[in-house]
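Student: Sequence:
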Amino acid sequence: MAGIVINHLYKRYGKDKQVVVNDFHLEIKDREFLVFVGPSGCGKSTTLRMIAGLEDITEGEVYIGDQLVNHLPPKDRDIAMVFQNYALYPNMSVFENIAFGLRLRKQPRHEIDLAVRKAAKILEIEAYLHRKPKELSGGQRQRVALGRAIVRNPKVFLMDEPLSNLDAKLRVQMRMELIKLHKSLAATFIYVTHDQVEAMTMADRIVVMKDGVVQQIDTPEAVYATPSNTFVASFIGSPQINLIQGKVIADKAGRLTFQTKRYNLPIGQEASDILRKHNKIDRRVTLGLRPEHIALEGLYTEPVITATFHISELMGADRFLHLDIGEEKLLVMRVDAYYKTNDQEKLRIVPDMSKALYFEADSGERLTLNNP
Numbered sequence: 001m002a003g004i005v006i007n008h009l010y011k012r013y014g015k016d017k018q019v020v021v022n023d024f025h026l027e028i029k030d031r032e033f034l035v036f037v038g039p040s041g042c043g044k045s046t047t048l049r050m051i052a053g054l055e056d057i058t059e060g061e062v063y064i065g066d067q068l069v070n071h072l073p074p075k076d077r078d079i080a081m082v083f084q085n086y087a088l089y090p091n092m093s094v095f096e097n098i099a100f101g102l103r104l105r106k107q108p109r110h111e112i113d114l115a116v117r118k119a120a121k122i123l124e125i126e127a128y129l130h131r132k133p134k135e136l137s138g139g140q141r142q143r144v145a146l147g148r149a150i151v152r153n154p155k156v157f158l159m160d161e162p163l164s165n166l167d168a169k170l171r172v173q174m175r176m177e178l179i180k181l182h183k184s185l186a187a188t189f190i191y192v193t194h195d196q197v198e199a200m201t202m203a204d205r206i207v208v209m210k211d212g213v214v215q216q217i218d219t220p221e222a223v224y225a226t227p228s229n230t231f232v233a234s235f236i237g238s239p240q241i242n243l244i245q246g247k248v249i250a251d252k253a254g255r256l257t258f259q260t261k262r263y264n265l266p267i268g269q270e271a272s273d274i275l276r277k278h279n280k281i282d283r284r285v286t287l288g289l290r291p292e293h294i295a296l297e298g299l300y301t302e303p304v305i306t307a308t309f310h311i312s313e314l315m316g317a318d319r320f321l322h323l324d325i326g327e328e329k330l331l332v333m334r335v336d337a338y339y340k341t342n343d344q345e346k347l348r349i350v351p352d353m354s355k356a357l358y359f360e361a362d363s364g365e366r367l368t369l370n371n372p
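Positions 1 to 372 (my numbering) are the ones given, in order, by the sequence shown.
Incorrect hints may have been included.
What the hints assert, rightly or not - Pair ranges (Cβ atoms, derived):
#, residue 1, residue 2, range
1, E61, K277, 36 to 44 Å
2, Q18, R105, 35 to 43 Å
3, N91, I179, 31 to 39 Å
4, E365, D336, 33 to 41 Å
5, Q173, Y339, 26 to 34 Å
6, K17, E61, 13 to 21 Å
7, A337, G41, 30 to 38 Å
8, K121, K277, 54 to 62 Å
As the list claims (entries may be wrong) - Quick list of in silico lysine-lysine cross-link-like pairs, DSSO-like style, CA-CA up to 27 Å:
#, residue 1, residue 2
9, K75, K106
10, K329, K280
11, K183, K169
12, K355, K340
13, K183, K75
14, K118, K183
15, K121, K75
16, K17, K210
17, K355, K210
18, K75, K29
19, K355, K280
20, K280, K247
21, K155, K118
22, K329, K346
23, K280, K252
24, K132, K169
25, K180, K155
26, K277, K261
27, K277, K247
28, K261, K355
29, K121, K155
These aren't lab readings, by the way, just hints derived from the structure by calculation.
Everything numeric in this text was worked out from a predicted model, so none of it was measured.
All residues carry an ideal CB built from backbone N, CA and C; glycine is no exception.
Can you make the complete structure from the sequences, with help from the hints?
Tutor: Here is the structure:
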């Protein structure tokens, strides 16, 4: 198996040299499960295709193991790619589909048979080896596509939104299968998706991209808890983080407060140190609060905000309330699924200000003691 090093990768298209991937720089560890995530058009699939050799590299270097692969064709890079549309041969059986690449390499028949049956056992499709793709469900077809990749025993598995054609139940099942597969094969996986749930549940590390630029690279936990900017904060997490515009003010004793149109929210000591470091007193900032960091009065004692209920979303074990607190956007908070309220009812809620994040009002960059 092998790690991958990507040195300052660029992709430009057309006469106007439109930049699709901009200075992508990353070291992927051997046996790591790395996920590229971002909205459509952010450059994640293009980056994956450059690693695979399916797109030319405009500038930069890609190493698989210790080998520079920029000018190697895909077949010589020792990678296997799984696509969104399965790309199975309809006239061939499952066995023949999985074995096809090995037969092209003219491997002995008994080795092909052993490799196909081993992959089928891992993927639990042994009973379907005689069937044609049209006789399989979407999830079974995706397993066949994975089997075709497994039998090659590649250094790296590249997956481009392989679950996007499946229904919700199958996506959940296949996510778990891919996690188990990664552990059993002990291989390097690079996975592309626009679904932040897939990224959060499967990745060792997440690469968040926007407009061809890497926004943050970190573990799922770190990306969620300490997003680098408002884009990452909003993209990772469902429902989205609450972002509130306000001004930092100081009282005569030097205590800092976050001032909105209707409320003054006290700022803790750690956050105060950060805001002072960045000279944010009497300046506007953006406050971020996750829905789970807002509670009904009683769980926390202060500060209390009066909010007007508008919409409720039941999400199984949780219910999300959309509340008007006098800002441009409704505030979202998480409550127990059995909590009921009436339209336009007034609720008294308490934000946990110790969990608040603060961002630059203009650039959206998160303010920390470490950044300048």
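Student: Quick one, are K121 and K155 close enough, alpha carbons at most 27 Å?
Tutor: It holds: about 21 Å lies between the C-alpha atoms, which stays within 27 Å.
Student: Within 13 to 21 Å or not, the Cβ separation of K17 and E61?
Tutor: Once the Cβ atoms are compared, 19 Å apart, the range 13 to 21 Å for E61 and K17 holds.
Student: Are the Cα atoms of K355 and K280 separated by 27 Å or less?
Tutor: Satisfied, since the Cα-Cα distance of roughly 19 Å is no more than 27 Å.
Student: So if I understand the rule, the pair passes when the alpha-carbon distance is 27 Å or less; does K121 with K75 pass?
Tutor: 26 Å, holds
Student: Is K75 within 27 Å of K106, Cα to Cα?
Tutor: 14 Å, holds
Student: Verify the proposed pairing of K355 with K210, using a straight-line Cα cut of 27 Å.
Tutor: Holds, because 26 Å separates the two Cα atoms, which is no more than 27 Å.
Student: Taken at face value, is the distance from the CA of K261 to the CA of K277 at most 27 Å?
Tutor: 25 Å, holds
Student: Holds or violated: the 35 to 43 Å window for the beta-carbon distance between Q18 and R105?
Tutor: 38 Å, holds
Student: Regarding the pair K261 and K355, is the alpha-carbon distance no greater than 27 Å?
Tutor: 21 Å, holds
Student: For the pair supplied as a hint, K329 and K346, is the alpha-carbon distance within the 27 Å limit?
Tutor: 17 Å, holds
Student: Can the restraint linking K155 and K118 be considered satisfied, given a maximum Cα separation of 27 Å?
Tutor: Holds, at about 18 Å.
Student: Could you tell me whether the CB distance from K121 to K277 stays inside 54 to 62 Å?
Tutor: The hint (54 to 62 Å, Cβ to Cβ) holds, given that K121 and K277 are roughly 57 Å apart.
Hint compliance for this structure: no hint is broken.
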